[in-house]
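Trainee: Sequence:
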Amino acid sequence: MKETSIPRPIIAVVGEVLGNYYCSHTRLNTLFMESGAPGEPPPGSCIHKCIEWLKRVNSDASVNPFDVLGKILENFMDLEIPGIGVDNEFWSKNRERVLNILAKYGLSYHQGGQIIGGATGMPAKSLKEILANRNLTSVEAEFQRAMGNVEKDPASGITAACSMIESLCKVYIEDEGLPLPAKKDIMGLWKVVKSNLGLDPKKLEDEDIIKILASLASVVDGIGALRTHTSSAHGRGRKSYRLEPRHARLAIHGACSLVVFVIETWEARKSGQGK
Numbered sequence: 143m144k145e146t147s148i149p150r151p152i153i154a155v156v157g158e159v160l161g162n163y164y165c166s167h168t169r170l171n172t173l174f175m176e177s178g179a180p181g182e183p184p185p186g187s188c189i190h191k192c193i194e195w196l197k198r199v200n201s202d203a204s205v206n207p208f209d210v211l212g213k214i215l216e217n218f219m220d221l222e223i224p225g226i227g228v229d230n231e232f233w234s235k236n237r238e239r240v241l242n243i244l245a246k247y248g249l250s251y252h253q254g255g256q257i258i259g260g261a262t263g264m265p266a267k268s269l270k271e272i273l274a275n276r277n278l279t280s281v282e283a284e285f286q287r288a289m290g291n292v293e294k295d296p297a298s299g300i301t302a303a304c305s306m307i308e309s310l311c312k313v314y315i316e317d318e319g320l321p322l323p324a325k326k327d328i329m330g331l332w333k334v335v336k337s338n339l340g341l342d343p344k345k346l347e348d349e350d351i352i353k354i355l356a357s358l359a360s361v362v363d364g365i366g367a368l369r370t371h372t373s374s375a376h377g378r379g380r381k382s383y384r385l386e387p388r389h390a391r392l393a394i395h396g397a398c399s400l401v402v403f404v405i406e407t408w409e410a411r412k413s414g415q416g417k
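In this text, residue positions in the sequence shown follow the numbering used here: the first is 143, and each later residue adds one.
Calculated directly from the structure, the hints in this document are not laboratory data. For clarity, every value in this text was computed on a predicted model and none was experimentally measured. One should not assume that every hint holds.
Stated by the list, open to error - Derived Cβ-Cβ restraints for the label pairs, each shown as a range:
(1) Ala356 / Thr279: 25 to 33 angstroms
(2) Ser166 / Pro323: 55 to 63 angstroms
(3) Asp342 / Asn217: 45 to 53 angstroms
(4) Thr370 / Pro185: 48 to 56 angstroms
(5) Arg150 / Glu271: 24 to 32 angstroms
As the list claims (entries may be wrong) - Using 30 angstroms as the maximum straight-line C-alpha spacing, the simulated DSSO-like pairs for lysine-lysine come out as follows:
(6) Lys213 / Lys270
(7) Lys333 / Lys270
(8) Lys213 / Lys197
Heads up, the beta-carbon is just placed ideally off N, CA and C, and yes, glycines get one too.
Using the sequences and the accompanying hints, generate a full structural model.
Mentor: Quick look at the structure:
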């Protein structure tokens, strides 16, 4: 089984929920095929069909199981719940079942058919949880754009990863009453933030921390350069990079880790618990 395989208990719950919800072989066949599930429809009841098809998704090297799972769940999870009645009770109860079984395995459903914590990784999951409780609308918008484009448009995912860092820097500068830099690109904004937060390696004595903080600057510089050279934010010349989802995930993971650290350091300083 692949490292990114959907756990069997999740398959069991999702298969039962969707099998009972759609109650139609035609609708299920269309849903799974349009979501990228491989092969012909399995035989059996609607529930059995869902379970067996999800098992097949796990064993097929040509697809990312969590991408398929997210797309399969999107309609059921994102549609507005109808008014009071049997449908409302079914939707509420079974959406909760799906969310609970995902959470049991460190996963969460993200609007737009994204499963966070699977192929997307822990940095994105941590940032999603942090943004849920803070008024950082612009940062959250770029985070959602990044996560929504990992697979279908890696270049746009990289653009959003860079914009996410820029948005946080601008929010920080504005909230702290700091002057904007003359050069308002990602590195110019980052220099202001890291200096004000005391994240300049030159000001620290601990060699291990210095190495990590120096790498943060490299992450910012690298993501900014990757956006310039390969992403959707700029025109391209004759030579172009062949961007793949793994490249976008690398940039997004780096941006998420950086944003989480900056937010936590900012809040620690506000509370008097950190320099």
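Trainee: A range of 55 to 63 angstroms was offered for this pair. Does it hold for the Cβ distance of Ser166 and Pro323?
Mentor: holds (58 angstroms)
Trainee: Is the gap between the beta carbons of Thr370 and Pro185 within 48 to 56 angstroms?
Mentor: The hint (48 to 56 angstroms, Cβ to Cβ) holds, given that Thr370 and Pro185 are roughly 52 angstroms apart.
Trainee: Does Lys333 pair with Lys270 here, judged by a C-alpha cut-off of 30 angstroms?
Mentor: Judged against 30 angstroms, a Cα distance of about 25 angstroms means the pair holds.
Trainee: Does 25 to 33 angstroms hold as the CB distance between Ala356 and Thr279, or does it fail?
Mentor: holds (31 angstroms)
Trainee: Is the hinted pair Lys213 and Lys197 satisfied, with a Cα-Cα distance of at most 30 angstroms?
Mentor: holds (16 angstroms)
Trainee: Does the beta carbon distance between Asp342 and Asn217 stay inside 45 to 53 angstroms, or does it fall outside?
Mentor: Check passed, 49 angstroms falls within 45 to 53 angstroms.
Trainee: Taking 24 to 32 angstroms as the stated bounds, is the beta-carbon spacing between Arg150 and Glu271 within them?
Mentor: holds (26 angstroms)
Trainee: Between the alpha carbons of Lys213 and Lys270, is the straight-line distance 30 angstroms or under?
Mentor: holds (19 angstroms)
Hint check: no violations occur; every hint is consistent with the structure.
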